[in-house]
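Model the full assembly from the supplied sequences, consistent with the hints where possible.
Listed below, chain by chain, are the residues.
There are 2 protein chains.
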Amino acid sequence: MTHTGDVIQYRVFPTEAEQGFNRAIRRIVTAVREILRAADLPPGELAAVGIGCAGPVNPRTGEINNPYTLSGWNHCNIVEPLERELGVPVCLENDADAAALGEFYFGAGQGAESMVMLTFGTGIGGAAVLRGQLYRGVAGEHPEIGHVTVAAEGAACYCGRTGCLESIASGTALAAAGKKFGFGSAAEVFAAAASGQPEAARVLQTARAAVDAAIWTLVHTFLPARIVLGGGMVEAHPGFFLEPARAAIARATQIPRDYITVAIAQLGNRAGLAGAARWAMLRAQPEQKHHSEVP
Amino acid sequence: MTHTGDVIQYRVFPTEAEQGFNRAIRRIVTAVREILRAADLPPGELAAVGIGCAGPVNPRTGEINNPYTLSGWNHCNIVEPLERELGVPVCLENDADAAALGEFYFGAGQGAESMVMLTFGTGIGGAAVLRGQLYRGVAGEHPEIGHVTVAAEGAACYCGRTGCLESIASGTALAAAGKKFGFGSAAEVFAAAASGQPEAARVLQTARAAVDAAIWTLVHTFLPARIVLGGGMVEAHPGFFLEPARAAIARATQIPRDYITVAIAQLGNRAGLAGAARWAMLRAQPEQKHHSEVP
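Here the protein sequences come in this chain order: A and B. What the first sequence shows, in my numbering, is residues 440 to 734, in sequence order. What the second sequence shows, in my numbering, is residues 440 to 734, in sequence order.
Honestly, I wouldn't trust all of these hints.
Stated by the list, open to error - Here chain B is said to cover these stretches of chain A; the calculated rule only asks that three of the stretch's residues, wherever they fall, bring their Cβ under 8 Å from a Cβ of chain B:
1. 577 to 588
2. 594 to 601
3. 661 to 673
4. 688 to 701
To be verified - Residues from chain A that face chain B, not an exhaustive set, calculated with beta carbons under 7 Å:
5. 591
6. 652
7. 655
8. 656
If you are wondering where the hints come from, they were derived from the structure by calculation, not from laboratory data. For clarity, every value in this text was computed on a predicted model and none was experimentally measured. Backbone N, C-alpha and C fix where the C-beta goes; we use that ideal spot for every residue, glycine too.
Written out as structure tokens, the structure is:
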């Protein structure tokens, strides 16, 4: 990707985590060199490498520590070997954070002074981008916006709470709620509700109220200029998510609601790619600042 | 107050808003000059003036716009005439925001890299201090942390939502809930619950769950190093608020909970004084930085 966001070349290949970490590093290095050759660019034209990786990852140390989908890669430092091999700065981010940066710089967040993104899929991820940077909390960790409280009661979530957003409005939660009425997936719940099936409609009504409650909380805490909604469920049913988000903001009397807009994510699964690349370039070349406070 | 937070002199006098804005300005100027004389300081020793005022106020324009308690002062600029008369920078903040800055610099927030404060009184106020500065959202406005969602249902709040923290756990809310059982105030509800009255205990149990839910949301959004609890209700019943706050954090599995501490506010109603003064000095003399990013 260029500094202005144009994707010159890309390659998609499976991670093959089970083949080991060192082999993955070699395959990444080979792919980067192939891309440069295919684009007819000398190696010196490579400015930086950005990595958006399924978390948990540690952007400060460069370590991946995901026992779920990258089994055997625990505490593997992906930044050091790539910097050594490629001779440029390498930047590691959680994939959801990278996607939020991508939407902020090149997608639905463009032009907003601040943005909160919620991604509705199997789970619910989220990130806040303030002053051109990912919001980080204590110990440099990212918030877990998908787990804000939306109800006093509800299903227990692995996060430690009942009634969080993810436990009510994620794909997994909708499938679990629908299973009681014989539906096999979240998609089946949406389809049944569309044809008037009352139990499916009730399941969706609960999810809709949870989205309303979560957006309410996000505009009363981060108070961002833009809310971006993304993920597979939002791509399939944008209106279902947009409507309660906008309704929540329209009701709020204590915040400057007219300055807050809601938008659907534009970049799909390219958002993480664009965000990680852009962030790596900004860190490598501080003069390419988007906002005045990007490091 | 000195740069290090020592209060040399202070005066307390009623606002007498009904006497008009210009008269209030003259009384403030007179009080400042009296303070300097009483402390044996030449006028040149005055570095800045900080104002913590009941909101809504606009810290950027210097305007007060509070039709409730400062009737007739609508859109009155308090910064300009004081700067003209006193010849030093004057800084206006919302009183709750000023109190949060005071606790951050001189009270329960000292030493923390970031802080969220919740103030439980008639209503519930809140502020976040990040990197030594008050968190501001879109249009430069402050968040309304007292109105985060804590339940799907509940009493309707003037904020536009049912089930927000303030509508369940504020002094006003406790008094309203207690009234149904014959209690005359929030204090009476606390007293009855302490002597085992079951309805009073149930009212408090609902409020306790609301505090738990709100703290949960704040640590999953702002993810601060410290939560500070203040206000009249917390002064009277610190354990009632501390316990659910700590319990919420102890249950959380997705955030670095061991880095988050909860503390009771230390400065009482002096917090706003200290915070407004400190903030005004920091803005007037940028070399007196507490953190690297204070302007």
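Status of each hint after checking the structure:
Only residues whose beta carbon comes within less than 8 Å of a beta carbon in chain B count, and the segment 577 to 588 of chain A has 10; three or more means the coverage holds. Under the rule that three or more residues need a Cβ within less than 8 Å of chain B, the assignment of the segment 594 to 601 of chain A holds, with 4 such residues. Residues of the segment 661 to 673 of chain A with a Cβ under 8 Å from some Cβ of chain B number 4, which satisfies the need for three, so the listed coverage holds. Using a Cβ-Cβ cut-off of 8 Å, 8 residues of the segment 688 to 701 of chain A lie near chain B, which meets the minimum of three, so the contact claim holds.
For residue 591 of chain A, the shortest C-beta to C-beta distance to chain B is roughly 4 Å, which falls under 7 Å, so the interface hint holds. Proximity of residue 652 of chain A to chain B holds as hinted, the smallest CB-CB distance being about 4 Å (cut-off 7 Å). At its closest, the beta carbon of residue 655 of chain A sits 5 Å from a beta carbon of chain B; the interface hint therefore holds under the 7 Å criterion. Because the closest C-beta pair between residue 656 of chain A and chain B is about 5 Å apart, less than 7 Å, the hint holds.
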